[in-house]
Amino acid sequence: MKKYLITSLKLTTIMLVLLSVIYPLFIAGVALFALGKGKGETLSKDGKVVGYENIGQSFTEDRYFWGRPSAAGYNAAGSSGSNKGPTNPEYLKTVSDRIDTFLLHNPGIERSRIPADLVTASGSGLDPDISPDGARVQVKRVAVTRHLNESKVASLVESHIEKPLLGFLGPEKINVLKLNIALDQLQ
Amino acid sequence: MNTEILGVLVTLLLCFLLAYPLGKYIANVFLGKPTFTDFMLPLERFIYRVSGIDPKKGMDWKQFLKAMLTINMLWFVYAFLLLCFQGSLPLNPDGNANQSPDLAFNTAISFLVNCNLQHYSGESGLSYFTQLFVITFLQFVTAATGIACLVALFNGFKEKTTNNLGNFWVYLVQSTTRILLPLSIVVAVILAFNGTPASFDGKDSILTLQGDSVQVSRGPAAGMIAIKQLGTNGGGWFGVNSAHPLENPNYLTNIVEIISIVVIPIALVFSLGFYLQRRKLARVIFAVMTVMFIAFCTINIYYEMKGNPAIDKMGIAQNGSMEGKEVRLGAAATALWSVATTSTSNGSVNGMHDSLTPMSGAVIILDMMINALYGGVGVGLLNYFIFLMIAVFISGLMVGRTPEFLGHKVEAREVKITALVTLLSAFLIKGGTALAAYFYAHHPEMAWAVQPGNWLNNPSYHGFTEMLYEFTSANANNGSGFEGLADNNIFWNVSTGIVLILARYLPIIGPIAIVGLLAKKKYVPDSAGTLEVDSYTFGLMTIAVIIIINALSYFPALALGPIAEFFNQ
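First to last, the sequence lines map onto chains A and R. Position 15, counted from 1, in the first sequence is what UniProt numbering calls 15; the numbers after and before it change by one each time, with no gaps. Position 108, counted from 1, in the second sequence is what UniProt numbering calls 108; the numbers after and before it change by one each time, with no gaps.
None of the hints are false.
Below, a list of computed lysine to any residue pairs in the SDA-like style, where the Cα atoms sit at most 25 angstroms apart:
id : chain 1 : residue 1 : chain 2 : residue 2
1  : A       : K2        : R       : V50
2  : A       : K163      : R       : L6
3  : A       : K93       : R       : M359
4  : A       : K37       : R       : L91
In silico negatives: residues of chain R with every beta carbon more than 12 angstroms from chain A:
id : residue
5  : F39
6  : T298
7  : A437
8  : N454
Hints were generated in silico from the structure; no laboratory data involved. For clarity, every value in this text was computed on a predicted model and none was experimentally measured. Ideal Cβ placement from N, Cα and C applies to all residues, glycine included.
Okay, chain R solo, but in the shape it has when bound (with noise of 0.2 angstroms):
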């Protein structure tokens, strides 16, 4: 069999052998059971002494969100002041500038709510100081937090009855040192021994065998790189993000850093049937999830090794589309790795998306509209729960009685919440690329860093697709981009960073809420007419919803874009 699809088909299987047991492992680990990493816990009780956290103190739904989103709000004053003085701050040794305040505001916002949408390019937008003291730290304590939002959910619906969703500055401690820093750290190390760089020295000056003389960025990448994957975060060292050769050197990083994609935001679902013990829950909403993701995969990795039919006219072998792609990384894995990172709201790219085939960019936008498939680390299964309430509703309504979740009965307040998360992204992704649509046609020649006449890269459908994917993709907090589009000029930087805000903390916030008031409620126990949310038959249903409430919401956006493209192509 050809080798690429070999390859792709090995690192597939290998990202759900490895989910499996790091699931049961993070479990244990929040469950307080004993794990091989409890030689960490001197160095989580001096942390907690520091800072005068009281490990054993429970938190209500509203305790836990006022922690979260307090130490959120000090996190992005300190990014901002930061990449707004990087010129004069040290470990800057190729003398990169400060960002300008709208783009600084961007950087901020964008790597805190863990989604790395990037207006700079690394080689030059970032100090050294930066990419560790703002980039590389938040990468790892905003996917914390997502985790530590995940236990919350997880701790409302394993009492009968509570109003302890656990101890919020716990959570975000031992996410990092138990799960995120120890898995980084081997990733880490396999990526600087395969030639990334993880050496604080400046650019080098070579000569090349032609006589040219060339520049070459460098610098502490290896770390970066590793909770870029495992964080769900994204945002790349290098301007090209994983494309570039230093930052992905071979096939074999390439399937390291796949897994690291997405290996703990599959755990973390088997770790929901292992907390819960309620396993036969856990594999449907694997199985959902993976149905569909397997679907995407298969799409685009056809599409991607079938080559562009434009350049086919022209008489040439085609060995898949490459333009925008690595002949070490080849269609295949390229084209895995879009659904991958979409899939999880991660980001990072090893080919460029702006030049996949329209097909294939139709399904990562889509996927990215979706953005439960796995999801981000911790958020993904929060936003899964919102449509797992929405089919929890109408399974209630169809069957004409009250709706009940795990025991809880599901009413009006809770459903409105869940409405309201939902419309949410349709709202944002359609009106921010229309707004975006409307001054590039009307306004043209705003005095703009780039004036939206200049915004597209690529003329026709394609170019509307460019404005609708950074829209979706800041909706997601994903961080890809149609990276064609001229971003980093102010309206852009503004509009996608609110856009990233409320698309950060209120589908955070809203399952957390709904689980808050779901957990206080009395227990309900099973009965005959008691909703199987762990049958496979409610699987299929969560498809639908999930199906239709996208297709509904979606449907004439993509109709616009990509699918045009396809039939005209």
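With the rest of the complex left out, here is chain A (with noise of 0.2 angstroms):
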């Protein structure tokens, strides 16, 4: 018995200088030849940071495109879904009131082009894409409120869309935060 504890404390000593520093050590190294330099790649307006390209974040004005509901509230130091199962009633009464207001701030938009992304909760309470449609819809909202040509949005929105990994795996979609930050500078 006292053989074994002893090989395993050397053991142990051993492999944690491996494991847990060489090994990511030698990844941090590696990451500063990548975009951001491994500490997350950001986005700038007009030469300042304006967040990460990967964290979504929270847009409630009718001027911008609005993001997926999140139950983090877009705290970004404290990632969380909304857990919610998928008939509690609650919880499904919030995903309607949800509805109502989005037409609310949305009029003359039917209910059946609104996409489920829009009114659900994503998984990290971060997701900083929403689907293409998600974006068409709140079209019409947008250039009405900057005072802008609807189509010129709507061929911002197009021109945003990111195509699936090689054209056909995965879902298409569009980076909210990206979109915003062009149609800030459209004017």
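Fit chain to chain and form the complex, with the hints in mind.
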């Protein structure tokens, strides 16, 4: 027993050096060559950092495209999903209220055009993306609020659709922050 | 065709295509044949010399288990102490606090047993120091422990009669240096180049476009996330695991992470064939596991893409059941992940399982109850071995001969151990859930950090499922959760902690003991009456055994939870 314990102690020590010191330092070193140097990739507007490309942020004003509902309130230091079950009555009421709120801010839009991602909370609470349809249904509101030509905003949306991986793997999406930065720069 | 469906099909295909050569490579490593990673030899010799290990010395099954259990106990004490005092240790740029003793107990055990149930949230519950020196470290060595034990099982059947199951220390080291570490480096680099943080900088403060000030958690995450997936660990850097856009930035990383979850468990099935030179046996085992795995994937992808019927009634356009899911990944890839992670005792998630539609929820719980469709690294095959023993025993009874497995008579002692291991799971899952339900119903105001009355995040059947899921996940050493459950309090920390220990070590000790006992027996050459365990007929028999045992054990519990919810939605 004692023999096993001494071996265990020595082996653990040397494995700690390998796995908890050398390995993460090596990866951190390699990551220096990546965009963002392993600190996360940021986006800027007029030379000022306004957020991380991969971290969604809260947009509540009518002049911006909205992202998805977030159980974390877009707190990037405390990610969280809603963990609501699909048959929970209180949850279904919340979704129904979100649809009503959306319709109130987007008059003239038909209910059947609202995609589910706009009224359901994301897994992380920090989802940076919405579906292309999720942006299309907001075009009218944004254009009216900003006194812009609707077709101009619509084409901005189309140009921001990110295609599936290699063109055929996975869903299409739009990064909300990128779209809104471009929108601000339109004027 | 729909790009989401194409995405999951290509992902699955890549998993199988990569697993085969990896399986061959792993067999060669443990057979001591030359491989392209032999440049690691000097490092390994150095480790043996410093630790005082004689790599040529074999162990019998008792010595093997003693070595394994001793080093595991040491890791537990080490992890527990560090977690209790992390607030005062270095590398804590965000100033996170010590874990409470019951939380540290649960966390230390959870990572020690390769489960990674997390009753804390990564951003605030750990420091960079404990993320690296406790979590990452254990994610490597516990996965290596599983592989080492599986190699012991291989050795028991390699020779006709033997006492020698190999050297535990050597397998532990080689699993790390030849399999886990090289693969982790590849995956971590891919993640880092796709936007996952890897630097040691602490939280960043930014002003958003709309003018809110927000803090962004970061840290040296890429390396940890790689081994989290490859070692079927599953405990994430961030609270929401791989749903977090820094932990799983895009569809490519999602494919890489799904492959990382299943590739070693699948590969080890092929390794068995190469190592024992019984490739047909490996093919049959692979076929049994894959048939059930694909069936589960199909069900979940169908229901998650179809969406929530209650939301359909609201008249909007459902692009899948999107509650708890991420747009860049989509419903299909999240459904595939949910099955991959529960088949393999990984437990990482890329969407919230609590919000899955009822039938998908039922499937992944059942998947964890079986816990042998590929299974955790190493231990998955050990679990499957138990089902094999039962199938051999029942087949023996049916034809009226003493059951044999690979030339060794399976007798009373082995069958008793098998039965005990099988009954243990049913006892721990249902006993635990019953206890929790009792406190919830009869003592809702117990003075715990969270009162039992406030444990559940959802009412009715779904609330019951949250408790059932937690114990099933603990028993399977899976680590995923219906995370709505308020589990950071003394009841859940201690009860799941105990389940974790029993459900990790007994299902390892059982099979190793059986192999040790079988391997010592006289070898019986094949004859006309020998049961052909490498035939597809026997494969079907195994499927029947898996279905019958799990249906008998768990159907009533599933009926009270997800199945009832399904029929009432």
